[in-house]
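2 protein chains.
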Amino acid sequence: MKKDDTILIVGAGLCGSLLALRLGQRGFTVNVYEKRPDLRKVDISAGRSINLAFSDRGNKGMKLVDLEEKVKELCIPMNGRMIHDKEGNTFLSNYSGRDYEYINSISRGDLNALLLDEAEKHPKVNVHFNTSCKKVDFENTKAYFKNYNTKSEFTQTADVIIATDGAGSALRKSYYLERKFLFSFSQNYLTHGYKELSILPTENGGYKTYKNALHIWPRGDFMIIALPNLDGSFTVTLFLSYEEGEYNFNNLTNPEIVTEFFKKEFPDALEIMPNLVEDFFENPTAPLGTIKCSPWHYKGNTLLMGDSAHAIVPFYGQGMNASFEDVVEFDAVLDEEHESWEAVFKAYQKRRKKDTDAIADLAIDNFHEMKDHVANPIFQEKRKLEMALEDQFPKDYSSKYSLVTFNEHIGYREAMIKGRAQDEAILNMIADGDIEIKDNMSKEVLADALKRVQEVTNTILKHDRIAELKE
Amino acid sequence: MKKDDTILIVGAGLCGSLLALRLGQRGFTVNVYEKRPDLRKVDISAGRSINLAFSDRGNKGMKLVDLEEKVKELCIPMNGRMIHDKEGNTFLSNYSGRDYEYINSISRGDLNALLLDEAEKHPKVNVHFNTSCKKVDFENTKAYFKNYNTKSEFTQTADVIIATDGAGSALRKSYYLERKFLFSFSQNYLTHGYKELSILPTENGGYKTYKNALHIWPRGDFMIIALPNLDGSFTVTLFLSYEEGEYNFNNLTNPEIVTEFFKKEFPDALEIMPNLVEDFFENPTAPLGTIKCSPWHYKGNTLLMGDSAHAIVPFYGQGMNASFEDVVEFDAVLDEEHESWEAVFKAYQKRRKKDTDAIADLAIDNFHEMKDHVANPIFQEKRKLEMALEDQFPKDYSSKYSLVTFNEHIGYREAMIKGRAQDEAILNMIADGDIEIKDNMSKEVLADALKRVQEVTNTILKHDRIAELKE
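Each protein sequence line maps, in turn, to chains Y and R. When the count follows UniProt numbering, it moves up by one through the first sequence with no breaks and lands on 471 for the last residue. When the count follows UniProt numbering, it moves up by one through the second sequence with no breaks and lands on 471 for the last residue.
Think of the hints as simulated: they come from the structure by calculation, not from any bench. Hints may contain errors.
Here chain R is said to cover these stretches of chain Y; the calculated rule only asks that three of the stretch's residues, wherever they fall, bring their Cβ under 8 Å from a Cβ of chain R [unchecked claim]: (1) 180 to 191; (2) 372 to 383; (3) 391 to 403.
Just so it is clear, CB atoms sit at the ideal spot from N, CA and C, and this is done for glycine as well.
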């Protein structure tokens, strides 16, 4: 690899834009091809993931390219989950017992536009829109494109091709179909799909419900959630089975039944969603899939990054954050001064894949946590203890959620292993009556609880290692 | 569905032949298309899985079609694993403490031929060879074929198409490529491949090493195994990484290095394998993959069964057994008298998939157990205790291996959950010094050990359920 190599990036979404910006900063010649029109000129929101959760791992990417302050202006802090029950009662469950730990709602379009603007400031970075990648000849580092405006087809070679073209990646499809090497691959869909709806602002642009939370209406087998936007609106997402249960996407086919469903299950939401029926029938229903694969690269020619390598379900709010962290990790590998692109790609996958596998699994765990467990008394007791521990012993305890979301110096896999053991420890201590959780526990009582939680957690971790014959 | 429906089966391997036979017995009209020549007329062994492990779950399939006695004649009992260390020392580790529990080595070709012979005795069952399925139009229940002899291409419709065409299934490929429904799919390769070798019989047709065992030479990162054949030979399989370690498939490129590798790692095997180099360079190196997918069926038109739905790695000796059990389970669903093929297929997948997912995961566990753990002292202590418990309390204890292999009345998933908890319990009791394992433990000592193993196992199972918020 040479300092002036030409890099072709397929896809100018969040990951591709950040990657182009960072590689531009490092002095590479970068050509980016994006199938959609320039989102700074055309409104291309299609009722799908208008806003996203942005948190500490994503912010590492913004620090890397010196955009932390500019991105902060786009953020709406969400301090916790606002849980809505069927009677319309609400309670706020903070994400952390530490006040300074929270996640943010951010507009996908605004953030993507900012990254594109910054990338294009580098004269050696060029972004081409309306140009779709059809396939990649990875033996010859050559991509096949079609321009939607001119209808012309052309090929482009480069020293390296990096595909950040999302869950439907053309490069990944070429890896699979060409069968030139052993390519492990999985696509797994949940039984549930999703549909985006909205809560519009008040007449004077205010928020119709509490602004600084991620709202959840958990109903066991399905749920709606809502994230705030800067204009006073909320983007609402319904997660629902395609075919199971009394109400499902297959049978919500007319305005009456949709309204009946919301009246019965989400009455307080329905009150502030007069536009429900219109949204419901205008916006698409989309599937929820997880994609894993390996290897991510072919020799030193091509590499998958972001969703193209590891698409995940949205329930941990980590999709974008994981993709930004990909760029941070890739950048760190570039600093190691490997002798070839192949060595860079190998080192990157070795360092990174265990963590993207972990966040994929954690995201599915959180699907069940959000739609179901948050309404479970034993789960709520665990959260109460964890909040108190994080508040009283901010340096000594982090819940699984905190480990994943706010401990960006450790990888997702380490967070998963420790976080799951802690959850198992606390849930079992509660179930076995080994710990009693009250409001306003004294610091002495909490100190004792912390010690015992740590002991039980360590025993679980040790026993797991022994069971795997690793000790 | 009607009693005289026409069923098209793609693939006349072990699963397809048994299915054709059973459906013939039930009175259906059955047309089977197989891409290879008739193995009863042409020798088509290609250095790949010449013999297989046949055990109790597979035998359920033979009982179903009344072939148990005929199959027994093809079987060579293997009572345990004969472990060979680097110095040539051997020790036998039985599969069970119950004398009547053992597995068998059986010839794939002989068994397949028997099933074909029996299937063809039914006048409404017809088997067509040299006819490859190219794709399936599952909307219209139509399969596309090419005959290798006449080079002609044709299509065939039926009331139902069942694909038993193995890991490379044409129907599964059509499900994936057509994208007409959400199809979850995974193909995952191990870092290791395999190559078949052989130990030839003695001059007078005897066995060069102990006949009634599955021989293993475990070396941590790689291994060879050997299974006996009726003619006095053993089929040997080398499992080795493609690219990692001092010796791997990528660098074993000449006779000298192959011989050096065997001399160093498997000296006692090399002594009885004068034909090693010839075998090594004549036989292919093949990958080891796991395939899972869902749904297995499209409406009431088409269904995947056997390896086409769930190909697994060979380390539990359950691939064929699982496919035969598929036929038994499918037959049981047919007895339930559902109103449509769609209802049959749905009920079959609901009942069966959890178990084939489990055996896929168990088979990967056993890869690590066979190449590595069997040589681990703490693992060997566990096995010693389990043998003694099975011997002294045959009705009260079954190891994970026994649950999977010899407890054919419970499903793979139940066997996995209970077996893993038992393993965790015993390994941790040994590691924590909570149990001492000696030779010739008295019945009283063993009774106490059994009670404590059961208690710890039940606690683990309970804690797991609590951690999943299922209690």
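Against the structure shown, which of the earlier numbered hints fail to hold, in ascending order? Hint 3 alone not satisfied by this model.
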